[in-house]
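Fit chains G and L to the known structure of chain F by using the hints.
Chains as they are written, first to last, in numbering that gives the first Met the number 0: chain F, 0 to 320; chain G, 0 to 253; chain L, 0 to 661.
There may be inaccurate statements among the hints.
To be verified - With the Cβ distance kept under 10 angstroms, some of the chain L side facing chain G (calculated, not the full set):
#1 R370
#2 E375
#3 K377
#4 M481
Unchecked claim - Ranges between beta-carbon positions, derived for each pair:
#5 E223/G - K542/L: 50 to 60 angstroms
#6 L47/G - K413/L: 44 to 54 angstroms
#7 P259/L - S17/G: 44 to 54 angstroms
#8 K198/F - P340/L: 31 to 41 angstroms
#9 K156/F - N135/G: 33 to 43 angstroms
#10 G226/F - G643/L: 24 to 34 angstroms
#11 F539/L - E223/G: 48 to 58 angstroms
#12 K198/F - E202/G: 50 to 60 angstroms
#13 K156/F - S17/G: 31 to 41 angstroms
Think of the hints as simulated: they come from the structure by calculation, not from any bench. Quantities reported herein were computed from a predicted structural model and do not represent experimental measurements. For each residue, glycine too, the CB sits at the ideal point set by N, CA and C.
Read off the chains here:
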Amino acid sequence: MSQDIYVLIEHIQGQISDISAILLAAGRQLTSIHNSKLVAILLGYQSQNLINRISADHVIYVDHPSLAEFNQDAYILTVSEIIKSKQPQIVLFGNTTIGSDIAGILSISLNIELASSCSHFTQEGKIVCQICGGKIMTEAIPSSSTTLVTMVPGGYKPESNQLNFNPEIENFAPPPLNDLRTKNIRLIQPGSTDVDISKEQILISVGRGIQTKDNLELAENLANALGGVVCASRPVVDQGWMPTSRLVGKSGKHVKPKIYIALGISGAPEHVEAITNSETIIAINTDPKAPIFDIATYGTETDLFDLIDILVEKVEDAKSG
Amino acid sequence: MKIIVIIKLVPDLVEELSINSDGVSLDSAWLRMIINEFDDHALEQAILLKERKPAQVIAISPDYDGVDEVLFTAIAKGADQVIKLKGDFSNSNNHALARGLTPLIQEIQPDLVLTGVQANNDQDGSLGPTLAACLNMPFIGYVSGVALEENSVLLKKEYPGGVLSEIIVTIPVVLGIQAAEKPPRYVAVSKVRQIMKTSTIEEKQVSELNNNGGVKITRMFQPETNSHAEMITGNPEEVADKLLSIFKDIGVLK
Amino acid sequence: MPERVDFWGIPETWGSPALFVYTIMFLGAAILLFRFYLRARLWWKVGRNDFHFNNPLKRIYRLLEYAILQTKILSQRYPGIMHISIAGSFFIFLIGTSLATIDSHFYKILVGTPYLIHKLVMDIFIIVFFFGAGLAILRRFFQKPERLTYSKGFTWSLMLLVLIVFGGLLTESLRLAVEKPAWAWWSPIGWLGAKLWIATGASPSVLLNWHFAIWTFHLLIVALAIITLPVSTLFHILTGPINIFFSNPDRKPGELSTIPENSENEPIYANSITNLSSFQLLNADSCTECGRCQEVCPAYASGTVLNPKKVILNIREAMNNFKSGLDQKNRMLIGDWIPEPMLWSCTTCMACVQECPILINHVDTIVDMRRSLVIEGKMDGELQTVLENIGRYGNSFGQSDRMRARWSQNITPKIKDARREQVEYLWFIGDYASYSPALSDITLMTAEVFSKIGLDFGILYDSERNSGNDIRRIGEEGLFEMLKEKNMASFEKSAFKTIITTDPHSYNTLKNEYSLDLRFQLLHYSELFDKLISSGKLKFNKKLNQNVTYHDPCYLGRYNEIYSAPRRVIMATGCNLIEMPRHANRSFCCGAGGGRIWMSEGDIKERPSEIRIREAVNLKDVSKFIVACPKDVTMFRDAVKTTGNEEKIVVKDLIELVYEVI
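Chain F with its partners taken away, still in its complex shape (with noise of 0.2 angstroms):
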């Protein structure tokens, strides 16, 4: 077994996902240990113009049609074979759509150990993971053969992996792709003649502390006065309270905002990952052991029904006087 970090590059249309850039970063940190290398596994099809944006020491590329997105039993079989031919030390997935559809599946089929939501890595490798909606943290030993390790944003900046960005490129053949059972038929776009969160610098967010779909005016007055717009957590856009474009969160949109002021938000992982990168975070919360103090820049208790209104006056005042 070598003692190499592999980590599979995610994509969609043609752009890699920051996941990748975080398992890179990690891996990366991992290489140091053993001074092995850090490999980036990338899957698809005629996608050669990639490599180049990814920083990694080696590159293994396989090219296929049925590898053109992601598809579950592709991805299988192809990096199966990798796997068995390399036997790297760890393998690095994103805890994502993409990463956690087959690392469950490798760990059964090729009789290795997985470990799921690791945050980050400590200096001696141990794999540390979150659980219980971050509020439990687990530390681990990867396993004397090949580990799976499914990440979670948080524990690196994506930036902070920038050494080289010229890898080794290792064409690696597909094993036959031709009996898949999952066929892809199309991506569908989100209905986008909303604003995109993602581009916005001023962004309210509402939670489940909301209660009612009532009481999103007061987010909404909020973002007037400050002149921001209104995105929400899972919780409220599956009430229905919001629309999808605004969703805020892992299968939602990651947003980079200057300010991103959470009402009643608790903080869980899934929201957390995609807040990460905002300038100021200001939690509003009356759970004083809410994850999202953890994060935020800055945070109050105070209930949110008897803060908002003061707050949007005091604005509106300021804006006038």
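Just chains G and L now, kept in the frame of chain F:
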């Protein structure tokens, strides 16, 4: 058409969580176990499918304190059959559960196996993919729309940014449900109580619980948050004033 | 000698007038009864038959009070006087005609002075009738209050009555014009009319002909009124009293009925006309469309789609449709006839029930229909979340049951745990007072006051659950049962004499639906203070010399008739109590009841709490708005802010007044 729904119970995060004396697991004394909300969505999706085309919905749960009520509620919502997998699951991971469920599921020969896309206490990946591999079925996760065709399933898989991928997959298949097409329905308490009197939960003993595939946990702890928000205190007036000055400092307010 | 003459002036050319009159009247009565039966049988054929006859004496007493004396109608002055003038005069006319019949066939009583008095009384009531009719015409055609229904049917009924009485008056005046008896002034109006006839110079034979014609007209119009009664707006003459009779006299307002069951012990839900009870269908038929319920309904006033009058009348429409088989489209009772939002907008304040002159119970029917929605899971996501939270954690806030007594963690000495040690008073706190951060100071103050006055009290800590009052009124019977079981189990395991509560909602269900009565005493804290003050055990050191007003909580006032105890406590603190126009049993609901506090408001003009605050602010120099319910505190504090009245009035719980003076 047979649809199996796997329902796990997970720790209720409303309660305070504490670590066991062994240092590597949760203290079960104060733990309240509730239905994994994604599994609730999976059940709802199964019932919705059944409402559109005749199907048999079978819900299976590993044995935990409080599982009976969850399974009776499943019947009240429309499940045709519920099975409790008996065994001591207090120290088992998803790999063990997947292996434990496999013989039972193979016996039933379902067309679809639905389960939640994740659970808050997953440590070795979520149940869905692991189970799919044991059953040698394809797996699609982050599913938020399911339509049954003749011998395949047409579904919508969620990608970041609100992008959806339309995928067709052969039957049988395991799906990890992110969200059902409608929020899980409400069942009146009296209905569940009625079901408790008239229905039964089948029990199947799990043969063995093999945790292989999960990494070895050396320590479980509550996060020492090295960063924390600067808390603003005072009455609403005072807090609003401070926030206003923060807005000015950042430059959000001229 | 003045005496009554049978069929004076009616020729016998076509036979005996008696024969005609009695034939027509009996035929009329028969048709009336038949048509009445055709309609009435729907109540038990279409609906579930559940007419009861328990406590018949009290039912008859209520009949006298509400149908004859019409005390509820009289609660509003103008329409009260108007109606009693019309109805009362017809009672008198009925008596008068009955006396005439007795006189005709049995015993000649209408002779001499009795006869003259009879004539006088009848004439006086003709004036009374026209006075009432005049008020009615003014009301219906000029004032046009919003709450009435303006349809041809009502105009027709009024006209019919006027024609009947006028016909009678004309007949009498024509007779007097011909007879010119010495005692003519005993019929003052008739005689005045007679003078007009005489003044025309018509000959007696002409007058006689007119007399015959108008007498016939009068007879036929009365017959017409009788046979059209079951399909006219006058039907309430029969259905009103019947409704009053069948309204359960033993019913406690605060106690909902259990869900009815069929012969196989399966529950029956009010999701179709056929599943409503016969009393509910009778309610729908007897509604006089007076609209008093609509006028006092807070949901209606704030602009929701709910109109209690419409709920009842839509059931009537549904019944009509059902009966005639015309309903091809198979319209649903709930959804088509009564849209679901209508049902969810009700705050269950019972102002409508309080006002209804014929004792229709709108809230019962609304709750019944909600029950059928809940069993089918048809409710908004917010309500679903609340019910799931209450089921899982025993409170509507979604917080752990273990946190229920966290508000008390800093109190020393620790409040007694009623589960472990014997106490005299068990303080049942309720969700809002326990979990709402905004209310924790009032809860702490209450604990402090109890300690200061030396009460031996304890709480159930995390064994207390939501009492279930509002859950029951949302329609989740099963969840209510579960909460009741858990609370009762805690009560059984604890040792105490009296339960005191600061929450009227909990008070209502504990008192009326928990079957506690025989074992424990239950008091609202205002009742307790009132007792202590009046027995001298509690004395106040200071006197607050402030003008305050008091808002009667629905569940304390209308539901349980506790009006004076809180008032005595307020006055004992030295405050000067100034009543709002709508006070005591007319109090205007804050809008939180019936689960409304957990639901979206929807598109409304103005919140009920805001309407109420404006009412209070209109009082001169009142600076404090006193409440005795945690939901009231929440709603009204908000409303003071949203109506911009923070400078003018402040909301205080009764305990805060007491706190200032002990």
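**Unsatisfied constraints (hint numbers, rising)** = none
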